[in-house]
Every structure is written in structure tokens, then in C-alpha cells.
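Residue numbers (my numbering), protein chains in the order written: chain A, 1 to 129; chain B, 1001 to 1129; chain C, 2001 to 2129; chain D, 3001 to 3129.
Subject to a maximum C-alpha distance of 30 Å in a straight line, what follows is the list of computed DSS-like cross-link-like pairs (lysine-lysine):
hint : chain 1 : residue 1 : chain 2 : residue 2
1    : B       : K1083     : A       : K95
2    : D       : K3083     : D       : K3095
3    : C       : K2083     : C       : K2095
4    : A       : K83       : A       : K95
5    : C       : K2095     : D       : K3083
6    : A       : K83       : B       : K1095
7    : D       : K3095     : C       : K2083
These are calculated hints, taken from the structure and not from any lab test.
Listed here are the chains, written in short residue letters.
Protein chains: 4
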Amino acid sequence: MATGTHTIRVRYGESDQMGIAHHASYITWLEECRIELLRSLGASYRDLEASGVMMPVIELNVRYRRSLRFDDLATCETIAEAKGPSRVLFRTVVKHGEIVCAEAEVTVASVDRSGRPVRIPPEVLARLA
Amino acid sequence: MATGTHTIRVRYGESDQMGIAHHASYITWLEECRIELLRSLGASYRDLEASGVMMPVIELNVRYRRSLRFDDLATCETIAEAKGPSRVLFRTVVKHGEIVCAEAEVTVASVDRSGRPVRIPPEVLARLA
Amino acid sequence: MATGTHTIRVRYGESDQMGIAHHASYITWLEECRIELLRSLGASYRDLEASGVMMPVIELNVRYRRSLRFDDLATCETIAEAKGPSRVLFRTVVKHGEIVCAEAEVTVASVDRSGRPVRIPPEVLARLA
Amino acid sequence: MATGTHTIRVRYGESDQMGIAHHASYITWLEECRIELLRSLGASYRDLEASGVMMPVIELNVRYRRSLRFDDLATCETIAEAKGPSRVLFRTVVKHGEIVCAEAEVTVASVDRSGRPVRIPPEVLARLA
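I would like the entire structure built from these sequences, with the hints used as guidance.
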């Protein structure tokens, strides 16, 4: 398992008329967290795609606990774990200070350009171990 | 339980560099489906908010089965069901023709302007039954 | 010159904490208007891209006159006009009833997959005339 | 006139099927740049809104010169200048290294909660001078 922390500043356009960060915004933050976790481990998701391996999301679960607002700084703690040869599970807790705002699990699959499952490249797998 | 069908055309900006509809786009479609289901039942979510009742998302689960692409027309079948006095569960199947592209469950809570749980208004509850 | 009208329903997630449609949302609506105008003329932007011709935006000008709100239906009137062999200018007026909410000009360039300018395909050009 | 520099990392979901950052993404970056410029000057846009002064965008002009791609770091140089008692013009150049990718002018108006023009608060005006 590999872990990392990433900070997100809520954008104005991510707020909605309830005055809180819209729930769909979290999905793009979770993606940013996954990419930054890989980067912190020395793996570039951009290079991974350039090499022909994509990691589309196949499952998404989010529990929203407390609201975030425009301009809030959220601390996102992510744990990544390989699940078999071609899947990775990312678990992220989105916090505002000590308050848990959301908990999420995102599963991505390792596929080639035509969408067929492929093994996670060994150098990425090693970094997730 | 109340059911409805809504059609979504994938926007260009909703595609990503994999050439498919980005997974976060589905979250805004699901929201549009919930609002259109309420409308088809004779309830306006806008009026609901104007009356002081908001329905923020508290839980989101999506399983992505097949890709959608820019310009695809997706047919979204949604079932809504009250879960206790202040929650509604919406289940949506996103299809492209006969192919199931995604299955989702979204739970919303009925809250007042300060975020406290309130009972779903009886006229809305009656429409969901 | 070719003209068309397209209707947009403001999505909830397109609202912001001012309680109005966020200004960036209009940009995706304008894109939807361009694509629907081409469709109404018998041209598919998807097919155009599949044939190797892309039309990225190279200039964007928007004047915001009045707000739109969540759930509003906006009527968008678009005029398209070829500007030389590889550019098209789209002018759109976004209205809410009789009220002009925004006026926009968007210029797109006709380019090949490597980004080099190419002539607008004659069958598209004919439809814009 | 006040100036500032802000860095943006292109998000994956901001790419489109052309493989480049979608043109609407720049609009949210420009907003982030304005807010960060104000912050760097000691003014909080969040506090400004809390005090009853909003700054909606009333005009937007963008010229797209070169593409940005997912994961690119863009350097955004912004200059702000008051234009009369209730308007501010922000000019931003978005660069990738030394390459100018986009040039933008965004005009915001200072309004109260009901949308009526109000004077830019003197403490903000002083910081823009």
C-alpha cells in the first residue's frame, strides 16, 4: 500500500447555489489526488498513458459527511492498493482541518488503448506495494 | 417508487483525452435525471429549494460498465424511493441503446437552509410513493 | 450565413454561490449550440473529427448582460459564417424569454490532427453559406 | 495596477478528446488567478462576498494561441486595474514555459447582493492601485 496527502483549494466555480462545493467537484479532486499520489511515488500517469496504459475509473463510492465551501483548503489523504493484476483501489479521506468531509473509494482498471485489461506495469505495481 | 426516463447528449467538453465521456460527467447527468424525474412527477426541485428544503447528495455509488463518447445519446432510467422521513434513494441505469454503460445509486438528504435534516415535504413524498 | 436556435436548461451544478449560472457554464453551452447548429444543417461535428478535421476555439468574446439561474430555459440563437478558408465565426445570443442574457462571438479554426490549418471541407462550407 | 503570478496544473478531466485542455477550462483558471491575485494583495474574495460585495464577470475575451495538455504546468501572469468606481479589468497571460498559450481580459463588476452596482470597497481599490 502506498499513501500520500494532497491539498485542494475549492474553486469558486465549484460552489453551487447551496453555497457549498458541488458534489461532482469532489470527483475531479479525487482524480487529482490519484495522479499526485502516483507522482509522489515517482510514477507519472501522463507517461503511463503515453506508454499505452490507461486507468479509467470503473467504480466510485463517495460518502459526503460535511460541506466544503469556496476557498476552503481541503486535505486529502489517499491510500492506493493493487487489487489483482489489473486493478487499483484508491481510498481517499477529504478533510477540512480535523473534520472529515468525505470518504471515497475509487477503483481503476488497467487497460490498453482499445480498452482491454492489461497488467499494471511492474514498475507501477512495485511503487504501490 | 417513482420511475422516469431522461435522455442525455454527451457534450464535447465532457469527453477526455481517452476519447470517452469523463467519469465525473456522469455525476452531473445523474443530477439532471433526478431533477427531471421530480419534474415529470409534478414536483419542481427549484420550488422545493425556494421553499427552504434542499436535497444535498450524501452518498454516491457508480459502476462504470461501458464507455460513452461525445455526441452519444444516453438513455437514463431512474427509480426514486423514500428511505425514511428525510432521505431519498435514486437508482439510475445509463444505457446506450441496449448496452448498460453505468449503474448508479445516489442518496440525497432533505435538509433545511442551515443543513439540519427535515422531513421530505408530504406532497413530494406522495409523488415518490 | 447559417442560423439556428437551441434551448439549454441550466443544470444545478452550473449554478454558483451567487445563486446564478456560473459564467464558465456559458462556454460549454456555446459549444453545444455550435454542434447543434451544424447538426441542423446536416453536418455532424463528430463525423468531421472522425474524418480528421478538428475545429478548436481560437477566440472567445462574451458579454454577460443578465443572470440566468438554475432550471431556467435559455434560448440560444446562433449565426455561423465562414471567415476565410479555415475559420468560422459563430455569434450567439443567449436569451431568457425576451431578455438578452449574453452575447458571444466564438471563432474556431479548421485544423488537421497535428494542429495545422486546413481548409474547411467544402460540404461544410456549402452548408454555412 | 497590481500584478501577480499563479501556477495551474492541467487536470485530467480538463482535457478533451482532441487531447488538449478544453477551452472552457481556461475560464475557471482565470477565475482562480483573479482570486489568488487578490489574496496576494491581502484581500480575500471570500470575505468580500461575505461583506456583501460580489464581483460577477461581465465581459470575457480570450485568444487561444497554443494548446496546453493534461499535467502541464501553466504560469499565469495577471494584471488588475480599476476601471471607474465599480469595475475591475484583469488581464492574464497563460504561459507554458516561455510559450504564450492564451491571452485574456476579464472585466468584473462590483455589485451588491441584489445585483446593483456598488463602489469597489476602498481597501480593495487601494490594493489595486
